[in-house]
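S.K.: Same order as they appear, the protein sequences are chains Y and C. The letter at position 38 of the first sequence is residue 25 when you use our numbering, and the numbering goes up by one with no holes. The letter at position 127 of the second sequence is residue 111 when you use our numbering, and the numbering goes up by one with no holes.
Calculated directly from the structure, the hints in this document are not laboratory data. Mixed in with the good hints there might be a few duds.
[Said to hold, decoys possible] Far from chain Y, some chain C residues (derived; all Cβ distances over 12 angstroms):
(1) E68
(2) N82
(3) E198
[As the list claims (entries may be wrong)] Per the computed footprint, the stretches of chain Y lying under chain C, defined by three or more beta-carbons under 8 angstroms from a beta-carbon of chain C, are:
(4) 94 to 101
(5) 131 to 141
(6) 174 to 187
(7) 237 to 244
A virtual CB, placed ideally from N, CA and C, is assigned to each residue, including glycine.
These are the residues of each chain, in order.
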Amino acid sequence: MGMLIRLELSKWFHLSSVRFSLVLLVLLPAMWAYAPGIFDVYGVFLVSGYQVPALSLLSGMEFLFPLLVAIIAAELLGSEIAFGTLRATLLRPVSRAQWLLAKVLVATLMPFFVVFFVLAVSIIAGLFLGFGPFVGGTGLGAGGLAGQGVTTAAAASSEVLRAYAIAAFSLVPVSLLALLLTTVFMNAASGALATLGLLIVSSLFVVFPWLSSYLLTTQLNAYQFPFHELTTPLILIAVYAILFAVVAVFVFERKDF
Amino acid sequence: MPEPAIETVNLFKQYRGRPVVRDLSFTVRPGEVYALVGPNGAGKTTVIRLVSGLAYPSGGEVRLLGGDPHADGSVRAGLGAMVEAPAAFYPYLSGRGNLQLQARLAGGVAEERISEVLELMELGAASERKVAVYSLGMRQRLGVAAAIMNDPDVLILDEPASGMDPLSLHLVHRVLRESASRGTAVLISTHHLEEVVSYCSRVGIMEAGVLIDEVDLRKRGSRYRARVSDVHAAVAALQVQPFVSEAFSRDKELVFTLSDVERLGYVSVVLGSNGIGLFELTPDVFNLRAYYYERMARSGGRTAQAAQPGVPG
């Protein structure tokens, strides 16, 4: 299994979607840090380097991160189908379930890579603003960017790290849903588009209040939830992730290739 | 006789209610080269995918090296296969890089063996180049190299000759013959009917998902035809000989098959002792193409109308 995971990781950086995503993910923090019209357009005045990762996360989680995560996850399997290497691999003495599980593990790690890559670039982009104590908020805690007085460096970094970790975790089901749908459609574009379609439709279900808190799209905002309200969302995210992974393996096991 | 390395029993496959392989039973034993021939859409590729464990049968049985390739993935350790035409590889890796990756999936193949098969398939000089720049023929040869690098007990190749020039084709035929001579059971699908006769043991002719005929080319190889003074007397004289498996007349000629080719010289002795004059004796070269067209015409399927002797296939 370890060998399969290493093989999958070695293929990762050859994917065109990963390379394209890296370019976009560099642009996003740079835009927030250096955009001259940011105050005029958004009424935001940045006073600390910690606010750059916060703005990157808030804007990225709206659409860009789920989009890129879905595309990359779909291409993890879709590229094998497009190259024709899927059959060549399955002819080797490797169980289908193990091979797809290796993909599942890589698809689980990938949102963390995407999100923490943005964090790393955001920190670099925010260097010129400094990372000391500041008056205001990170944008990820109480009071938003205005904050509630002085925010210490420790409090700010804790807020940012926590938000990034939860955001990455909440993207795992999106990644696994894209992998699942690619096993169904056997096509990366269809898998990614179906994932985004389902997310968009799912977000409309907020009109049913009893359903709203259980929706996958609701959990994508978990990084903004107060600490004491996180238990249920984290459990739901894990349930969605496990469900999608199990169904993906089940579907893949029974496919004709 | 060794146990079959590949065995299908009443194999049946349907997609969305449409049968694509029906009641198909055949075996391939170690050392045999078995060719599946038939028109496009006959079900050859489906059979290859069913046998190699890529697709699940809707009915019947598949045994690969004594095991079920669908239930027990470990039987694929003895399998070498190329089921895509052209052979599929990661375009961003070199030829050698692709083989190294597959070698890890195969449970490990020595670097020396990888170099050896690359040289064997005349890809040594191109081994460090990315597969993206390989020609179709080079990809096919790399596919064969990948299939044989683990010295498989069963070699399955779907259209190995696709896109190959005559020299590459000759190379692949040599590799298949050598693999079989070492005891590998070889199953291929092909449209190259002339070449099949030179290196295959048996040929299965498929039409519309059904194996309509099976030809044992080894028996055909020891068949002769002769011009004699009295054909009927010659047939009668040879039919009783223990080293003759069959004797019959065809177009006023004597045709016979020897069960022991070493006894060919005795034929003239037998005919002479019966007062039958022998004017000409030649090997009865089997014309698979003509036989194939005749068989297609007899099957009465869609391809029967197109099956005309002399039409290139």
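S.K.: Each hint: holds or not?
M.R.: The hints, checked one at a time:
Not every CB of chain Y lies more than 12 angstroms from the CB of C:E68, the least distance being 5 angstroms, so the non-interface label is violated. Here C:N82 does not stay apart from chain Y, with its beta-carbon only about 9 angstroms from theirs, under the 12 angstroms limit. The beta carbon of C:E198 sits about 26 angstroms from the closest Cβ of chain Y, which is more than 12 angstroms, so the claim that it is off the interface holds. Taking a C-beta to C-beta cut-off of 8 angstroms, the region 94 to 101 of chain Y contributes 0 residues in contact with chain C, too few for the three needed, and the coverage statement is violated.
Against chain C, the region 131 to 141 of chain Y contributes 0 residues with a C-beta closer than 8 angstroms to a partner C-beta. That does not satisfy the three-residue criterion, and the hint is violated. Requiring three or more residues with a Cβ within less than 8 angstroms of a Cβ of chain C, the coverage given for the region 174 to 187 of chain Y is violated, as only 0 such residues are present. With 3 residues carrying a beta carbon less than 8 angstroms from a beta carbon of chain C, the region 237 to 244 of chain Y meets the three-residue requirement, and the given coverage holds.
The structure shown violates the earlier hints numbered 1, 2, 4, 5 and 6.
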